[in-house]
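> Residue numbers (the numbering used here), protein chains in the order written: chain G, 1 to 137; chain B, 1001 to 1287.
Hints were generated in silico from the structure; no laboratory data involved. Mixed in with the good hints there might be a few duds.
Unchecked claim - Calculated pairs, SDA-like style, for lysine to any residue (alpha carbon to alpha carbon, straight line, at most 20 Å):
1. G/LYS14 x B/ALA1268
2. G/LYS22 x B/LYS1012
3. G/LYS22 x B/VAL1209
4. B/LYS1124 x B/ASP1114
5. G/LYS33 x G/ASP88
6. B/LYS1004 x B/GLU1105
7. G/LYS101 x B/SER1225
8. G/LYS33 x B/ILE1243
9. G/LYS14 x G/MET54
10. G/LYS101 x B/LYS1222
11. B/LYS1012 x B/SER1036
12. G/LYS101 x B/MET1187
13. G/LYS14 x B/ILE1148
Unchecked claim - Now the in silico label distances, taken between C-beta atoms and shown as ranges:
14. G/SER6 x B/ALA1261: 21 to 27 Å
15. B/THR1120 x G/SER6: 51 to 57 Å
16. B/ASN1126 x G/PRO84: 34 to 40 Å
17. G/GLU27 x B/ALA1268: 35 to 41 Å
Said to hold, decoys possible - Covered stretches of chain B, going by a simulated chain G footprint (3 or more residues, C-beta under 8 Å):
18. 1037-1050
19. 1204-1213
20. 1242-1248
Owing to the predicted nature of the structure, the values given are computational and were not obtained by experimental measurement. All C-beta atoms in this analysis are idealised placements derived from N, C-alpha and C, irrespective of residue type, glycine included.
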Amino acid sequence: MTLSLSKDTIQILKEQDVVFLKNRVKETAVKIKMGLVNQTRLLTACSELVRNMMRYADGGVCIIEVVSAGRNNGVRLTFSDKGPGIPDIAAAMRDGFSTGKSLGLGLPGTRRLVNEFDIKSKVGEGTVVTIVKWANG
Amino acid sequence: MSQKTYQLLKNKKKNILELWMKNQLADEGLREDLISNDELRSQSEELITALVSNLSGDNFTNLDSDEWSPVIEILGGIAITRARQGFSPRETGNFVFSLKEALLEVLQQEISDDPKTLFTESLKINRMMDSLSVVTFETFIKGREEVILRQTDEITEISTPVIRVWDGILALPIIGTLDSARTQIVMENLLQEIVETGSSIAILDISGVPAVDSLVAQHLIKTVSATRLMGAECIISGIRPEIAQTVVHLGIDLSNIITKATLASALAYSFKVMRLEVKKISTVTKF
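Isolated chain G, as found in the complex:
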């Protein structure tokens, strides 16, 4: 049973919002006493996803939540956009696959960095990616 303890919604429209979002994520991670390595993993994952959102969907919304399951606390980030959507999620989750000119490690790499990863996408409607990183996990 995962409980949401606090919720913070941030609009991502410009490049400057990305820095602001990362700072907020970092603050949240520090607040629940997440270790430095996990903090960096979470921040990198956040950075990947927010970059995807900026690049393919011209921005969107990110929700930062502190979640709790039993004795373990964590941070849940939900990125939702109204972009073009991903036609083939299985391909997008493969290492080295990119429709842009990037390394193609963003989505598969993010999945390796976090504890829980969920992606839902509908072509023409948008994409929602939810990740959870536990403080000690």
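Starting from the structure of chain G, add chain B where the hints point.
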């Protein structure tokens, strides 16, 4: 606005100015440190002259009309200078709001015998001054945004220095997030400096980069490739333990690049490559 009120305000211009100045000087937020009283008075007089000469028109609530442009220009000029001088929004707002009070006060004194006219005319003045306040704030915020934009430009400029640490060795400390725009600047500066100094080794120090994601890594790889094309070797230093772990998890292959944990070890490596030796001088004195 009726001709009568217009005439009245025109005749009472001096009174309004005096009242307005009195209001402004009595205000707690008066910034004598930023603007002298004489300057404030001349600003106020300029604005009120332009304003009063405009009141005759029928479209005096329509700020888009041409007649209003001189007033808006003056007001905008004042708001922008105030934003740059560091006035707070409250102080700038009070400048306009105290004028409204002065206008209403004069109106009240002059048409005290006709409450109905007083009410309709006050309402009109209110509406007009509110539109002017909105203009003031819009311009004020625009002025502040310009300040922020200028600072952003300055930050990007100062944040990418290329340091010559040794003859033939350049170091480039990167601080903050490495996005496409910054990579471009970093790469340009670095390549230019390699040509100018004829250096053969460049050290990119990423101690100040909070997180390395796939895009940052891609930018780093590009910079290294470009440096190699110029005939120089590029070392990436300042890789912290948590960043190393993250990069491995992300699956980024940096094995083709020489990486070091600290700038000192990168420098030591460079010395070795250049066959240089740094030694402690023997302290034995010869007689």
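> Looking only at beta-carbon atoms, does the pair G/GLU27, B/ALA1268 fall within the given range of 35 to 41 Å?
Between G/GLU27 and B/ALA1268, where Cβ atoms are some 37 Å apart, the hint holds.
> For the pair supplied as a hint, G/LYS22 and B/LYS1012, confirm whether the alpha-carbon distance does not exceed 20 Å.
violated (58 Å)
> Below or equal to 20 Å on CA atoms is what counts here, so check B/LYS1124 against B/ASP1114.
Distance ~16 Å between B/LYS1124 and B/ASP1114 Cα, so the pair holds.
> May I ask you to test the hint 51 to 57 Å on the CB atoms belonging to B/THR1120 and G/SER6?
About 52 Å separates the Cβ atoms of B/THR1120 and G/SER6, which means 51 to 57 Å holds.
> Would you say the C-beta atoms of B/ASN1126 and G/PRO84 sit inside 34 to 40 Å of each other?
Violated: the Cβ-Cβ distance is about 49 Å, outside 34 to 40 Å.
> Does the alpha-carbon distance linking B/LYS1004 and B/GLU1105 stay inside the 20 Å limit?
Between B/LYS1004 and B/GLU1105 the Cα gap is close to 16 Å, so the pair holds against 20 Å.
> Using C-beta distances, would you say chain G covers the stretch 1037-1050 of chain B, given that this needs three or more residues below 8 Å?
Since 0 is below three, the answer is violated.
> Given the hinted pair G/LYS101 and B/MET1187, is their Cα-Cα distance within 20 Å?
Holds. G/LYS101 to B/MET1187 sits at ~19 Å (cutoff 20 Å).
> For the stretch 1204-1213 of chain B, count the residues whose Cβ lies under 8 Å from any Cβ of chain G; is that count three or more?
With 4 residues in contact (Cβ-Cβ under 8 Å with chain G), the coverage given for the stretch 1204-1213 of chain B holds.
> Starting from G/LYS101, check that the Cα of B/LYS1222 is at most 20 Å away, please.
holds (12 Å)
> Quickly compare the C-alpha distance for G/LYS33 and B/ILE1243 to 20 Å and report which way the hint goes.
holds (19 Å)
> Has the given pair, G/LYS101 with B/SER1225, been kept, meaning a C-alpha gap of at most 20 Å?
holds (16 Å)
Hint check: violations occur at hints 1, 2, 5, 11, 14, 16 and 18; the rest are consistent with the structure.
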